[in-house]
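Guided by the hints, dock chain B onto chain A, whose structure is given.
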Amino acid sequence: SQQGEEDPQALSIQEGENATMNCSYKTSINNLQWYRQNSGRGLVHLILIRSNEREKHSGRLRVTLDTSKKSSSLLITASRAADTASYFCATVVQGGSEKLVFGKGTKLTVNP
Amino acid sequence: EPEVTQTPSHQVTQMGQEVILRCVPISNHLYFYWYRQILGQKVEFLVSFYNNEISEKSEIFDDQFSVERPDGSNFTLKIRSTKLEDSAMYFCAIFGGLARREQYFGPGTRLTVT
Numbered sequence: 002s003q004q005g006e007e008d009p010q011a012l013s014i015q016e017g018e019n020a021t022m023n024c025s026y027k028t029s030i031n032n033l034q035w036y037r038q039n040s041g042r043g044l045v046h047l048i049l050i051r052s053n054e055r056e057k058h059s060g061r062l063r064v065t066l067d068t069s070k071k072s073s074s075l076l077i078t079a080s081r082a083a084d085t086a087s088y089f090c091a092t093v094v095q096g097g098s099e100k101l102v103f104g105k106g107t108k109l110t111v112n113p
Numbered sequence: 004e005p006e007v008t009q010t011p012s013h014q015v016t017q018m019g020q021e022v023i024l025r026c027v028p029i030s031n032h033l034y035f036y037w038y039r040q041i042l043g044q045k046v047e048f049l050v051s052f053y054n055n056e057i058s059e060k061s062e063i064f065d066d067q068f069s070v071e072r073p074d075g076s077n078f079t080l081k082i083r084s085t086k087l088e089d090s091a092m093y094f095c096a097i098f099g100g101l102a103r104r105e106q107y108f109g110p111g112t113r114l115t116v117t
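Order-wise, the sequence lines are chains A and B. When the letters of the first sequence are read in order and numbered with my numbering, they come out as residues 2 to 113. When the letters of the second sequence are read in order and numbered with my numbering, they come out as residues 4 to 117.
Chain A extracted, bound-state conformation (with noise of 0.2 Å):
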């Protein structure tokens, strides 16, 4: 079964707008973690929030859980054309060995 579907695929937004990325998982989780990853580069740890928090901020960055619904937000407020890269949630399952169960990521464009 696929685990960490991120939705949507592609997002291009304007300098200054908001981006918000959804996350959706299938299994239980013991923690959620968004990385970003320019293209071709090294993949950047951005944020874990915990299966029994509801939401966490770092800097520009805001992340909800659901796990009733068993899907995560990102947000990015006041989108840089430096943000310009690709999103991915990875999930720690539950009774596993911590291994990190990655979507197929979101590409986000900021356009200057």
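Calculated from the structure, these hints are not laboratory results.
Calculated from the model, a selection of chain B residues having no Cβ within reach of chain A, i.e. all distances over 10 Å: (1) T10; (2) Q14; (3) V22; (4) V27; (5) N54; (6) N55; (7) E62; (8) P73; (9) N77; (10) T79; (11) I82; (12) S84.
Derived DSS-like pairs: lysine-lysine, alpha-carbon spacing no greater than 30 Å straight-line: (13) A:K108 - B:K45; (14) A:K108 - A:K57; (15) A:K70 - B:K60; (16) A:K105 - B:K86; (17) A:K57 - A:K71.
Pairwise CB distance ranges (calculated): (18) A:E54 - B:V15: 40 to 48 Å; (19) B:H13 - A:H58: 34 to 42 Å; (20) B:N54 - A:T21: 39 to 47 Å; (21) B:I41 - A:T65: 27 to 35 Å; (22) B:P11 - A:N39: 16 to 24 Å; (23) A:G41 - B:I23: 18 to 26 Å; (24) A:V45 - B:H13: 15 to 23 Å; (25) B:T115 - A:V45: 21 to 29 Å; (26) B:G75 - A:S69: 42 to 50 Å.
Each residue gets a CB set at the ideal place from its N, CA and C atoms; glycine is no exception.
Okay, now just chain B, sitting in the frame of chain A:
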């Protein structure tokens, strides 16, 4: 954020050849992960390695793959006989952060099998 380096950054090899990818965390870690990402696809788990033993491996991690910690600091992923479909970015990851539950990734090795 814990620092992880990987070498080489890019490796080109011929089908059937052996390759060794290296991961070097700056500080001492017991838990390591390897992931791969085929171009344009999602990141996939390969193997987790704890205290010098494999703790979990995926279906991708077949007999052609092996992991080692040869000298207590370097952490290697070996592919014995590469196939065209092994072409991908390979990332190692370690735990870090305040709760030590965040996984931090190295910059990756781009493997191209021709």
